[in-house]
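There are 2 protein chains.
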Amino acid sequence: MITLKSYLRGEWVVGQGEPVTLVNPTTGEPVAETSTRGIDFGPVVAHARDVGGPALRALSFAERGKILKALSKAIHASRDELIEASILNAGTTRSDAKFDVDGASGTLAYYASLGKKLGDARHLAEDSEQLTQGARFHGRHIWVPLQGVAVHVNAFNFPAWGIAEKAAVALLAGVPVITKPATSTALLSFRMMEKLVESGALPPGALQLVAGSAGNLLEHLGPQDALAFTGSADTGRKLRGLDNVLSSSTRVNVEADSLNAAVLCADPSDDTYQMFLRDVAKEVTQKTGQKCTATRRVFVHASLIDRVQADLAERLDQITVGDPSLSEVRMGPLANAQQLADYRAGVAKLEASGARVVYGSATEVSLVGADAQKGYFVSPLVLRADAPAEAAAVHAHEVFGPCTTLMPWDDADELVSLVARGGGGLVASVYGDDRDLLPKLVLGIAPYHGRVLLGTKKVADQAISPGLVLPSCVHGGPGRAGGGEELGGERGLRFYMQRCAVQGDRALLDKFFG
Amino acid sequence: MITLKSYLRGEWVVGQGEPVTLVNPTTGEPVAETSTRGIDFGPVVAHARDVGGPALRALSFAERGKILKALSKAIHASRDELIEASILNAGTTRSDAKFDVDGASGTLAYYASLGKKLGDARHLAEDSEQLTQGARFHGRHIWVPLQGVAVHVNAFNFPAWGIAEKAAVALLAGVPVITKPATSTALLSFRMMEKLVESGALPPGALQLVAGSAGNLLEHLGPQDALAFTGSADTGRKLRGLDNVLSSSTRVNVEADSLNAAVLCADPSDDTYQMFLRDVAKEVTQKTGQKCTATRRVFVHASLIDRVQADLAERLDQITVGDPSLSEVRMGPLANAQQLADYRAGVAKLEASGARVVYGSATEVSLVGADAQKGYFVSPLVLRADAPAEAAAVHAHEVFGPCTTLMPWDDADELVSLVARGGGGLVASVYGDDRDLLPKLVLGIAPYHGRVLLGTKKVADQAISPGLVLPSCVHGGPGRAGGGEELGGERGLRFYMQRCAVQGDRALLDKFFG
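As they're listed, the protein sequences go chains A and B. No gaps in the numbering here: position 254 of the first sequence is 253 in numbering that gives the first Met the number 0, and each next residue is one more. No gaps in the numbering here: position 222 of the second sequence is 221 in numbering that gives the first Met the number 0, and each next residue is one more.
If you are wondering where the hints come from, they were derived from the structure by calculation, not from laboratory data. Possibly wrong hints are sitting among the right ones.
Only part of the chain A face toward chain B is listed, based on derived beta-carbon distances under 7 Å [to be verified]: (1) G9; (2) W11; (3) G138; (4) Q146; (5) G240; (6) L241; (7) K457; (8) P477; (9) F511.
All C-beta atoms in this analysis are idealised placements derived from N, C-alpha and C, irrespective of residue type, glycine included.
All chains should be built: construct the whole structure from the sequences, respecting the hints.
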């Protein structure tokens, strides 16, 4: 049994009292334990603010970028070991583990490059502009790092990437981080943090890890701090409503539930159709459907829905479920017993709302090398709702597992309304080759999404799958998805910085901030 | 007695039941009454969303700009009448009334020009960038209008500008507005709205006025809506914490309390010194100190503080207080009885915290053409705190009237800490000519402010006073100031728009959104 440690104030710390047990979701067996009980987070926050912040702010973007590069390398150098931790505690296949671990090192490397590009500066500056009749009096908006701490609260499904994607942005902005992974899959987070600390690249106080409950951490957030949360809408709501957060205007970024939609238009080219099928099959099964960006609703032009149902079934037949450490297995278990219970209850909600199962089963699954009585396994599942407007739960309840719902459409305006019924999502994808319809659909659904992927013939072999979050594009969505925005290259830095309009003599502004 | 009306769903409406009385703060006499009781705001919100939104979104930026231009002209054409309403119900001098009314027409005109510049488009687009190894697959971030309504809740001190500056930005972004001025000074807001409606320039549902209590309006806010509030930090906190706002990630922008600081460095040029004195005297007395951007804390290099105290007294001696309709009067009353009570209690707090009155009186004032027993008059007031670090209330309690506190400094790092003690402010100003010290001070205080004005010799005759909010620069501040950002030219539009990363074939993205 491994005991996880938190990395706080430059030391590895274990809390007191009864620890929480982390299991192997393939077998249900305990693999690690952790506790943060008794830890006072006041001094932890002070360490970030008083030691980490000044250390980072003393560095240029390029110097911070070098640190990120070293962190990225440290993860990549321990890739196999980290993948093993993911398989053991998160039940991922090797491929799914890579998606998380390589996503972590890749995002750090991306922001390392951005740091290099931003160079010797310690702040960002926008263009100068004349403010009054006089030619000398100008304004220049500059961005400077917040003087507090970034607290990151992450979800169980990306124990490596979740930490890295948030930390890369905050650290490059010059703001120290306290990161809290979800406890149930924190073995990988802990192992990764060990590598990051061992790299020697981290300035003191720049990155601290809470391996377990956040205790009183969030009570310490103040006006120069930032809280970024990924997880359920309910928890996001609670965090945003914390008394001290409301009182001191602490910045909060929430990335929460999302009923991501895929849309297939009539008469797609064959390449586009195959791209659509490939993407949907991937988004249903990758990481056992436990991605905030996974496709939950599939709107298929009515002329194609039966064909899609059959072709998707054929693809999903290829998905072997079982022990994720076996090379022939394509999909592992859900992450823990609670997730399994929530998943089954969620499917029942969709069924009660008018969706019927047309592929797979919510209760039965045939496994390779694993015991369905011990692990948290489910099969890929496809539902179908032929009266989408009436299937309320399909548009409102995120079922976090390998499950999606097919729905027919034929009128473009109705389709836009149905997509919008999701109440705000992270990503939608639209597949088709009708150049008159596509911009109409994109502009119709864009207000409800942080990202829209357009699948057309010419990019069928180059495009990413919609569930992949690239560091160069913003990640987040309005409404139900939390109203947040992360990443997006330089855009992401701004959450951790204050914009300030400096007004004065043009020559001075150019000299000081140009 | 004038009865104010609300402009809702295309009609002028009066609520039922006992109305609220608006007074003339110079005499305490009633001048108007208003009620919104019994109004159900559900259909009002629906009218904005279902009629106003589509009408605005059908227009290009240039066409929306033309509407703003017409609104600006309508205000300017009725300038004298609006100024009279301000004097009567807000107790402003003619000059202070112009500051509000011309600020309204000026901000609308500024955004009209921006609309013209943005041209035929209906959305904003950022640069396209390659996302993968393949040259064709690109990403382009676009900005599209939210599909809901912008609700604007304004403070009593700018009944004209407050409405106009927020509405200009939302309308140009393509989002319909429901605006609610503070009831106590709403006569001017109502009169201005009459002119805007009469202009015939407003598309149906684009702008609605709530002349009184907001009733159940805010309960209707959802995931595609935006709430912008200016007022006290306490109310801002409440609005941000509304259950439906938290649950649906409604966007909220708060502009609240601010302990704006002015800093005078050692050895200023004479021009710089005079600029500093002129600005402080103006910021203490303009609009009877009832500006969110007024200078509340004045940090003077210890070598100059006695001289400043004497010179400032000489300037303030010129401020005649009394009936604001008289041309010889330079400062009118506070806006209402509650403001007067709050002001006196606030001054007592500062005194209890170690500040002592060195100019004027919190209880006595000599008046021209007015009766101190009837109107809400006070004199300009200067306090001084020689141990600034210990004067906690001076850094934490905003006294909303013609009052400021002088404090000495000599160490630059300590000065930065003292300025930061304000907990986040709208604007700070720094006066001096030491080119080594200035950038250090600006970068030190920028994280705590939305704006910093640098007063130096070369701009002494061209610079604005720090309390003036220009539409080209962002207006807002972190922490205590609410954590918001308004205006700033095109920057301000983004609060009312959703950014969406569109990914796909480069040629298509260029064609659709380029």
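> Okay, which hints does this one fail, numbers in order?
Replying inline: 1, 2 and 6
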